[in-house]
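Hey, can you work out the whole structure from these sequences and the hints?
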Amino acid sequence: MKHPLHLFYRNPLDCLQALLSNPLLASHISFVPHKVWTSAAKICRIYDEWLSGDRAWNIQVRYCSYRDI
Numbered sequence: 000m001k002h003p004l005h006l007f008y009r010n011p012l013d014c015l016q017a018l019l020s021n022p023l024l025a026s027h028i029s030f031v032p033h034k035v036w037t038s039a040a041k042i043c044r045i046y047d048e049w050l051s052g053d054r055a056w057n058i059q060v061r062y063c064s065y066r067d068i
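When the count follows numbering that gives the first Met the number 0, it moves up by one through the sequence shown with no breaks and lands on 68 for the last residue.
It is worth saying that the hints were derived from the structure and are not from the lab.
Cβ pair distances, simulated, as ranges:
1. R54 / H5: 36 to 46 angstroms
2. A39 / L6: 50 to 60 angstroms
3. R61 / K1: 45 to 55 angstroms
4. M0 / V35: 44 to 54 angstroms
5. K1 / S38: 54 to 64 angstroms
C-beta: ideal position from N, C-alpha, C; glycine also.
Here's what the structure looks like:
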């Protein structure tokens, strides 16, 4: 027996706008590259997401100048 398949469409821009404007999510969303270390001595680095990696850091340094801040 075949069952009908229900598809739902949402405008991706509306979804992003809803996520980014939600005050409950504001402290959990960041677009700034960062470095995470295991200790204050900065001996061992933690790579747990794209923004903590070297590529995101290098892109930020290369394309953003102090006049853009």
